[in-house]
Structures are given as structure tokens and as C-alpha cells.
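K.L.:
Chain by chain, the residues:
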Amino acid sequence: MLAGLSLLIQGNCSNGKKSYFMSKQILSEKNILLNCKTESKFAAIERVGNVLVSEGYVTPKYLEGMKAREKKFTTYIGNGIAIPHGVNEYKKEIIESGIVIAQYPKGVDFGSNNTAFLVIGIAGKGQEHLDILTKIALSVQDEHNVKRLTTANDPKEIISIIDEAMM
Amino acid sequence: MLSKEFMVNSEYGFHLRPAQILMESITPFESKVILKFNGKEANAKSLLNLMTLGLDNGQSVTVVVDGPDENEVMKIIDKLFEDGFDE
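From first to last, the protein sequence lines stand for chains A and B.
The opening residue of the first sequence carries number 1 in our numbering; numbering runs sequentially from there.
The opening residue of the second sequence carries number 1 in our numbering; numbering runs sequentially from there.
In case anyone wonders, no lab produced these hints; they're calculated from the structure.
Hints are supplied without guarantee of correctness; some may be wrong.
Below are the DMTMM-like pairs computed for lysine to aspartate or glutamate, each with C-alpha atoms no more than 20 Å apart in a straight line [as the list claims (entries may be wrong)]:
hint	chain 1	residue 1	chain 2	residue 2
1	A	Lys-125	B	Asp-86
2	A	Lys-72	B	Asp-56
3	A	Lys-91	B	Asp-78
4	A	Lys-125	B	Asp-56
5	A	Lys-92	B	Glu-11
A short, non-exhaustive set of chain A residues, derived as facing chain B with CB atoms under 7 Å [claimed, not checked]:
hint	residue
6	Phe-73
7	Ile-77
8	His-85
9	Gly-107
10	Gly-111
11	Ser-112
12	Leu-130
13	Thr-134
14	Ile-162
15	Met-166
16	Met-167
Please read all numbers here as calculations on a predicted model, not as lab measurements.
We treat Cβ as the ideally placed atom computed from N, Cα and C, and that holds for glycine.
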């Protein structure tokens with residue numbers, strides 16, 4: 001009921017309105033989609049991929065690379081997390097490094113009995129995104145943090161939970 | 001048990017593709033594979049675990065392989081590091 005109501009108000013998946021930092025960031029509030037309705041894994045990949053496109057991180061072609069990667073080998077990494085990203089051949093479609101996080105409170109079926117509650121789309125160029133990726137991995141190693149990230153209702157909260165991780 | 005030190009020779013660090021290739025390559029084998037870096041340890045059969053290492057290009061990592069097929073597994077890992085994790 002409640003999910004249906006917020007859907008009416010916000011449409012599917014609401015995202016933060018402002019960037020977290022002054023300049024273009026790898027992960028900003030605008031890159032976080034909260035309360036997404038359960039959908040197929042390829043629809044979820046398209047959803048995060050489309051934000052990577054609309055926020056200017058990648059060209060629309062990058063989505064093909066993300067789907068190709070998923071077909072080759074699942075990007076589900078454990079603990080309710082999937083990290084869709086493009087195969088190498090699509091690296092040239094990346095304009096800037098960016099990370100988009102979609103929260104699915106009811107999860108997305110990633111096959112082999114794996115359910116992802118956070119689908120994290122990654123466009124990585126150079127080294128600059130690696131620190132954030134390490135922080136995300138450190139954070140979600142702890143199932144308690146996965147729960148917090150899955151139930152967070154403010155993009156700021158997601159960013160601060162990830163930021164807590166000690167490298 | 002076998003232990004060997006490797007240098008990461010992969011333009012984009014170790015996080016995504018190389019870690020995934022390593023995980024995919026050794027998962028079918030029985031041996032336990034542990035990567036040690038900077039006081040941290042990761043089970044190489046878990047991509048999430050590997051990603052927590054924060055291992056970058058040019059850094060060295062100790063790989064420990066332990067199990068009945070450890071020789072074969074170390075050979076595969078040797079080749080992966082040598083080839084820079086080409087897909």
C-alpha cells in the first residue's frame with residue numbers, strides 16, 4: 001500500500017535533486033534511485049544505465065556493453081549487491097567515471113537464487129572511481145550495512161553509509 | 001600450500017574486470033585461494049571480497065593457494081597476472 005502511494009507521488013524510483021559536491025562527482029545524490037519497483041535484471045540494468053547516460057557519464061551505446069557483460073557472467077557479487085558495468089570493448093563510450101545506485105526494497109532476481117537489493121551501475125575510466133568502489137565493497141561486506149542501504153529513504157543517507165567505510 | 005607474490009599489471013587496477021576474471025577462472029577448482037594485500041585478506045572466490053582489497057595497478061599482492069589442485073590453480077593465476085588479465 002505504502003509503496004504504491006509513494007509511487008503515485010514520485011513515480012517509480014525517486015532520485016536526489018542536487019549534486020553532493022560542487023563539480024561533477026562520480027557519485028552524487030542525483031545518481032541514487034530510491035524505492036525502485038521490482039523488475040527484471042535487464043530492466044534494472046537499463047534503469048541505472050539510463051541515469052549514467054542522462055547525467056553525462058556515458059553515451060547511450062554503453063548500455064549495450066552493460067547487457068553484454070551480464071549475459072557473459074553475472075555481475076551479482078554477493079550480499080544482495082549487483083554491479084552492472086560494460087565489457088571492455090565499450091570503454092570508449094565512457095565520458096567520465098560515474099556510479100549510479102538503484103535501491104530495490106523487494107529486490108531484483110539476478111538468477112541462480114541471487115536477489116539484488118542494490119543495483120550499482122558503474123562506468124569506470126582511469127583510477128578515480130576505484131576508491132569509491134572499494135568503499136562500497138567494504139561497506140556491503142557487512143550485512144547490517146546492506147540492510148541500512150536497502151531501507152534508507154534519503155540519498156544523503158546512502159552516501160554517508162558508504163562514506164563510513166574505512167579504507 | 002603454495003604462496004607467490006605478484007605485481008598487478010592491469011591498466012585499470014584490479015577491482016572489476018581482473019577480479020572478476022580471477023574469480024571466474026579459479027571458482028571451478030577445489031583449492032582455497034587467498035589474496036593478501038596491505039594487511040587485508042580476501043577469498044578470491046568472492047568478487048565482493050576481492051573488491052575490498054583496493055588493489056591498484058603496480059601494487060604487489062601475495063596469493064596463497066591451498067588444496068588438492070593447487071599446482072594447476074597457481075599455474076592459471078600465474079598466467080593471468082602475466083597476461084595482465086586480458087579478456
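K.L.:
Each hint should be assessed against the structure and marked as holding or not.
P.N.:
Here is how each hint holds up against the structure:
1. A:Lys-125 - B:Asp-86: At roughly 17 Å apart (the allowed maximum being 20 Å), Asp-86 (chain B) and Lys-125 (chain A) satisfy the hint.
2. A:Lys-72 - B:Asp-56: 24 Å, violated
3. A:Lys-91 - B:Asp-78: Not OK: Lys-91 (chain A) and Asp-78 (chain B) at ~26 Å, beyond 20 Å, violated.
4. A:Lys-125 - B:Asp-56: 13 Å, holds
5. A:Lys-92 - B:Glu-11: 14 Å, holds
6. Phe-73: Phe-73 (chain A) check passes; min Cβ-Cβ to chain B is 6 Å, inside 7 Å.
7. Ile-77: Check passed: Cβ of Ile-77 (chain A) comes within 4 Å of chain B, closer than 7 Å.
8. His-85: 6 Å, holds
9. Gly-107: Status violated, d = 17 Å.
10. Gly-111: At about 15 Å, which exceeds the 7 Å cut-off, the nearest Cβ of chain B leaves the hint on Gly-111 (chain A) violated.
11. Ser-112: This hint is violated: Ser-112 (chain A) lies away from chain B, its Cβ roughly 12 Å from the closest one there, beyond 7 Å.
12. Leu-130: 5 Å, holds
13. Thr-134: Given a least distance of 4 Å, the restraint on Thr-134 (chain A) holds.
14. Ile-162: It is violated, given that the least Cβ distance between Ile-162 (chain A) and chain B is near 13 Å, above 7 Å.
15. Met-166: 11 Å, violated
16. Met-167: 6 Å, holds
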